[in-house]
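Asks: In case you want the letters, here they are:
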Amino acid sequence: MMIQPLSVLNRTTACSGNKLLDQPYLVINLVFAGIIVMILAYSAIFSAEKDNYPVPCIHEKVTGEECPSCGISHSFSLIMRGRIGEAYDWNTNGMRVFLFFFSQLLMRIFFSRTYLTDPGSSRELIILDITGSSLLFLITFMPFMIYLFRWI
Amino acid sequence: MEDLSRNPNQYKEPVSGPGQPDKRPGGQNLGVAALITAIITFVFAVIPCVGLMAVIPGIIAIVLASVGLSQASKKDSPRGILVAGLIIGIVGTLISISQIFVAGEIAKKADKWSNKIEKIVDEVQKDVMKEIEDANIDIRIQNGDEKVEISTSVNKKEREQTLEELEMGKTSDDDTTLIRPE
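Chains as they are written, first to last, in the numbering used here: chain A, 11 to 162; chain B, 227 to 408.
Simulated from the structure, these hints should not be mistaken for laboratory data. No residue lacks a Cβ here, since even glycine has one placed at the ideal position from N, Cα and C. A couple of the hints might just be wrong.
As the list claims (entries may be wrong) - From the structure, some residues in chain A lie toward chain B, with a derived Cβ separation under 8 Å: (1) Ile49; (2) Thr73; (3) Ile82.
So that you can see chain B by itself, here it is in the shape it has in the complex (with noise of 0.2 Å):
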């Protein structure tokens, strides 16, 4: 079995004890919490399908490694896992604060596209009706030797000029007769 306390760089004999003043560089175990959670924001991110949520622990890990900063500069301890958690946070945070904006920008092409679709199929339609306006129909049934053939037109101006004359035709053939009560 090794002593893992003869590495200079690892295990140093914390000082404090029970009762007794905390002597581990201040600010430390916010550093791990800080650099974890920003590597998982990080990573989460980068992930289309969380990285929305990212902004929450990504938040967490900022404010978490400001707090071990200030610790720090005030019992004028080591920063490098602090500095290391705040810039992993930040850019963490960043890439999900712009997947937000993207997302949204998705979300209102999504809706202009649609109208856009909408304002087609309108104009599409009223072409359509237009030319039905304006087209011929020709019926024909055969049955055997005997064959019918029906042809007419159903141009709206033709129908408003055949209504016009007939109005006329009224007003000059009119027959009527008025019956007085006696």
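Next comes chain A alone, as it looks inside the complex (with noise of 0.2 Å):
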């Protein structure tokens, strides 16, 4: 085994970080992974039984009537902890927003892996993500669409 020195050991390293850096679909993969494991933190670091959640229902708010999306941050924390049948009482819609999410989190560790390990196939790659993605996103959230849009 040959023994580089520090500094080119540093300077491949650096590279390798501008490398992904420089790919814009890894970039965003990375940023979304990101915003998705703090939502999954959210979820675990509040907790249903206290109810100390920063982020009232601005609707509810607004309005004084409840929307589809009320009650999911607690169904987020109680999935977190394993209590389905609690979190399908708190929101119906709980569990499927959840596995979106869950699922976007594995597409971004498999898409980014995939992109880097075969690069021949970075464009398929691309458009099979933003259509799966875009039919995750349609099938997930329409019941949300449904009353949002249900004045039209």
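Both chains come to you apart, so use the hints to assemble them.
Replies: Have a look at this one:
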């Protein structure tokens, strides 16, 4: 095994870091993975028992009417703690939205890895990612969209 | 370990260095930032609880994409990400703004409903009072064999008539005497 000087190793690491940051697709994946991890952390930190969520339902505050996403934070917290039945009681859409975010986290990791390991298929990979994510988004958020556009 | 630099579509060694002009496509970083912000806006805008707040990142996304597009047009660089960011940002912001209007409409309707309910309650109250005014009251008290019955009418018209009769009687049968001090 050849031992490299520390300066060479540092340069290599910096270069690979730049390579990642110069790829918009990888940057976007990295940022979204980070945001999803933050959402999961938010659900894990705040608990349904203490009811100390910092983000209230603005829609309910303005209109005085409950919306389909009310109780979704409670639902997420309970899912994180494995209490699926209670989570379903808080919000019927909670499980679906949670699965969407979780699947997106897995997709970000998988697609980034494939993008790096199979460079030849990067274009097809991005198209597949956009199509799949859009479909998943529509399926997951359809009840919310129906609620929002019920006035039309 | 695979060599990432083999992919022609991927990484290109930046020509620029410290003190040299940036050779990367103009507005590329802004495009990435705009696209990320626009997607966040879109996801937030669709969730009713936080949809009203999505206007803020939406405007940020539109501004970033617009600035990026102007830079890209100057340097004649690719604009795919920038256009995507701009379109998604505009759609997300429009959804969010529509939520603001919808919330406003609901709030207005809630006010109207409360006024209507108040009116209905007032009408019902008036009707009940009117019925009570014209009602007959019967009171029966029974204690063993003793039985007392009080029957009275609170008919407003009858009471007014009785009062008029009494007043008339007072004027005709006036038996008051005047005492003059000496």
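Asks: With reference to the structure, classify each hint as holding or not holding.
Replies: Here is what the structure says about each hint:
no. : hint  : verdict
1   : Ile49 : 10 Å, violated
2   : Thr73 : 4 Å, holds
3   : Ile82 : 7 Å, holds
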